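Starting from the known structure of chain A, fit chains B, C and D onto it as the hints suggest.
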Amino acid sequence: METNSNLWEYLPIVILALVAAGFVVTTMVLTHLVGPKRSNEIKNDAFECGIEAQGNARTPFSIKYFLVAILFVLFDVEVIFMYPWAVNFKELGAFGLWEMFAFMGLMIVGLVYIIRKGALNWEK
Amino acid sequence: MSQTPNIPVHDVEKDYTTLNLGPTHPATHGIFQNVLTMDGEIIVNAVPTIGYIHSAFEKLAEHRPYNQITPITDRLNYCSSPINNMGWHMAVEKLIGCEIPKRADYMRVIIMELSRIADHIVCDTVIAVDSGAMTGFLYLFQWREKIYEIFEDICGARLTTNIGRIGGMNAEFSELTWKRIHDFLEQFPKALEEFDKLVTRNRIFVDRTINTGPISAERALAYGFTGPNLRAAGVDYDVRVMNPYSSYQDFKFDIPVGKNGDTYDRYMVRMHEMWESLSIIRQAVSNMPDGPVHADLPEFFLPAKEEVYSSMEALIYHFKIVMGETDIPVGEVYHSVEGGNGELGFYLVSDGGRTPYRLHFRRPSFIYYQAYPEMIKGGMLGDAILTMSSMNVIAGELDA
Amino acid sequence: MSVTIDPNLKPDGVEGSGFFATSLDKVVGLARANSLWPLPFATSCCGIEFMATMASHYDLARFGSERLSFSPRQADLLMVMGTISKKMAPILRQVYEQMAEPKWVLCMGACASSGGIFDTYSVLQGIDRVIPVDVYIPGCPPRPEQVLDGILKIQELAKSEGVGRRNSAEYKERLAQYGLK
Amino acid sequence: MEALTPQELHDHLLSREEALFGNALVSSSVDRDFPVFEIEKDQLLAVMKNLQSHADAQFGFLTTLCGMHFPEQGEREFGVVYHLHNLPNNWRIRVKVFFPKADMKVASLSSLWPTANWMERQEFDFFGIQFQGHSDLRRILNMDEMNYFPMRKEYPLEDAGRDDKQDKYFGR
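Protein chains in written order, with my numbering: chain A, 562 to 685; chain B, 2 to 401; chain C, 1075 to 1255; chain D, 158 to 329.
Next up, chain A with everything else stripped away, as it sits in the complex (with noise of 0.2 Å):
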């Protein structure tokens, strides 16, 4: 019995996770049905502020823009490790603490090399 006693402890979670997906369901389908469409192939074409698109925009861009893309989600992944750690600070007291100096040691680390080989600054 109990096993689904703490079950129905999520209940206000999943009432919440369908309530919001309903509101966005809903919006989308109603302004879907409600609004009024009109397409032509000039609409369709790409936004080249106001003049006729040329060429089209799938080319191949510089590395750098990707580089700087992956280094953010690198360390921003690196801040969500710190969110459980954070939740439970008190249980984990010193090995905790140790152990994410450790974690976010090896990550200072790599900011360096990042930083001396100058992946970050754009001139070069």
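Don't read these hints as lab results, they were simulated from the structure. Check the hints yourself; a few may be wrong.
Below 25 Å or equal to it, Euclidean Cα-Cα: the simulated SDA-like pairs (lysine to any residue) are [what the hints assert, rightly or not]: (1) B:321 / D:314; (2) A:598 / C:1106; (3) C:1084 / C:1099; (4) C:1255 / A:609; (5) A:625 / B:36; (6) A:625 / B:374; (7) A:598 / C:1098; (8) B:180 / C:1217.
Partial list, computed: chain B residues near chain A (C-beta under 7 Å) [stated by the list, open to error]: (9) 18; (10) 21; (11) 24; (12) 25; (13) 26; (14) 27; (15) 41; (16) 42.
Note that the coordinates shown come from a computational prediction; the quantities given were computed from them, not determined experimentally. Cβ coordinates follow ideal geometry from the N, Cα and C atoms, glycine included.
Quick look at chains B, C and D alone, frame taken from chain A:
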């Protein structure tokens, strides 16, 4: 019909992409197009196209009598239209050779310096907005409204003012105008200091603007730069000092000069010029001479109503001025004024008729924008936008 | 006709205890009217007057148009402000056609409405030769109060438009006059 | 060099006519505050080079240039007026060049002053003056498809396609 220049489609081996900074773009404060060839974020080449609001000012000016050309000059550099009006009036006064009383000169100086402050407010706040500091714009634009109110008292219009007449000012400043000018002189310095503290030493602003879009003094002179953009490059050429007009020689003011002609210098030159303009207005207000407000120029200056009803000549003059039939002496004249963003010149050729035979405007924005590709090469796209707003290229003046 | 705004503005409907029924048109109209995202097609002096309207003194944000959208994709209201030359006409038409329905056009200033003082060889004498216009604002440039009045008139149009107008024959015929599909 | 009055400047330059203008000087006068020199069209580039670089002239700043159209002066129907400025000494002169409609070719000064590049494109756009040696002489302000030069006197101000502006109401 082919609307765009031939945009080079992406050539793979040099790995350049082509970006169209087109006519309707949020960052270009006006209507011009730049086809940028870019290596990643670095700009390699720029092909500008202008003329998107070309409204044929010079052809229009050949079909309008002299006092009706003033509204056209409003729409040249519409951020500081009183300066354009005064420049045009002075050009015509130089052609007909009439002497303006001192009081009218001083009133013109007050109006011109107020509109120079208004122009620099727009330019400096827009530089700040383009580098991310939005609050400065909202606060300082409030003071542009105050200047609008002063212009409204004087001539009834906020932006396209059509202020003054050929031969002086049309009326004395009202008490309300003097009070508003005094309030402005007291309260604006505080707001300007606030904006100065907010932006000038802001680390992000300094990093973004220091040596973006630099231009050396020789290249600036070769490209015909004048005004704040030339002074930012290090040359202290100011029309008000070089050949003074409207009794500017009575005022003491110094000319701020930059060093390496980048966006930060252009911003700082305009900030200092605002302080100089404030001191000029204070000098003008404190030793304002009294006397008539306009020259005795019956064939150009509308006579007072009671004279029109009583004397025959006044009636004839009134009719001729209103119908635009006053004939202008034959001759040609070039008169230039220190406009909001450079030397605004009027080359007027008259063949004696009621309309100018040929009127050529020397438009600073048209001349600056030619150097734009050279200034942004090698910089990043964000710097190109900042350079554009720091040059204060006004579309109306660019495509006159 | 002057626009009077009553404070408790809500669509008229049938009220009962605990329920309120109104027609879909009125609710959709109310929602659209108070959240018009303007595309500021600002070319010359009227653009600077629009800056004054957007700044803190006249503050267009009080009417729900805070968020300017410079791309036609998310724009509801095309505000054409300033001189439109013949070189600019195809660009204006392209931007108009790439806007999502329902879309309104507000034409600010004499230059956009009729070429204004520039009756010259290079200026388009009025943008209604290229795109259908809903509201014209006279003035050169119009005062910010006039611009706000124009925006209120557009809001009246949006409120009273209802849902089906954009597919109606009359609207299609109006588009056909301009050669728009 | 000290500041000269327009008349002194005019005499100063005229005294060096041989070095500066060669035999190209057609006429010279002083008009209000500008010495005005009219020179031959085909020696324009040489004279301008002298005015820019000669030790006694040093006109390093091209203030502006504009085209002119005098329909009734057959031989001198079209013209270009240059305003030069010697910034250190504040000398300003006006140089004029005239030529008939049949021979609309003038030397381009964009090699001496880069600012002339767009100015000449604008005068080509307005009057159709062909500037020889210009890097890319095409229309700058008007639409590329425009087939006439609008600033010439024979063309009307209004758009040719106007249908709602009958001449009789406008006194034409």
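| task | For the pair supplied as a hint, residue 598 of chain A and residue 1098 of chain C, confirm whether the alpha-carbon distance does not exceed 25 Å. | result | holds (18 Å)
| said: What's the verdict on residue 598 of chain A and residue 1106 of chain C, does the C-alpha distance respect the 25 Å limit or exceed it? | reply: holds (16 Å)
| said: Next pair to validate is residue 1084 of chain C with residue 1099 of chain C; report whether the Cα-Cα distance is within 25 Å. | reply: Distance ~12 Å between residue 1084 of chain C and residue 1099 of chain C Cα, so the pair holds.
| task | Would you settle whether the hint for residue 27 of chain B is holds or violated, based on the nearest Cβ-Cβ distance to chain A being less than 7 Å? | result | With Cβ-Cβ at 10 Å, over 7 Å, it is violated.
| message | For a C-alpha distance cap of 25 Å, please report whether residue 625 of chain A and residue 374 of chain B respect it. | response | holds (24 Å)
| task | For the pair we were handed, residue 1255 of chain C and residue 609 of chain A, check the Cα-Cα distance against 25 Å. | result | holds (20 Å)
| said: Check the hint pairing residue 180 of chain B with residue 1217 of chain C against an upper bound of 25 Å on the C-alpha distance. | reply: Roughly 23 Å between the alpha carbons, so the hint for residue 180 of chain B and residue 1217 of chain C holds.
| Is residue 321 of chain B within 25 Å of residue 314 of chain D, Cα to Cα? | holds (24 Å)
| request: Under 7 Å, Cβ to Cβ, is where residue 26 of chain B needs to be relative to chain A, so tell me if that hint holds or is violated. | output: Given a least distance of 5 Å, the restraint on residue 26 of chain B holds.
| Given residue 42 of chain B as an interface hint, is the shortest Cβ-Cβ distance to chain A below 7 Å? | holds (6 Å)
| message | Holds or violated: the hint that residue 18 of chain B contacts chain A, with Cβ atoms closer than 7 Å. | response | Constraint on residue 18 of chain B satisfied, holds at 6 Å.
| field | Per-residue hint verdict: residue 24 of chain B, partner chain A, C-beta under 7 Å | value | holds (5 Å)
Of the numbered hints listed earlier, the single one contradicted by the structure is hint 14.
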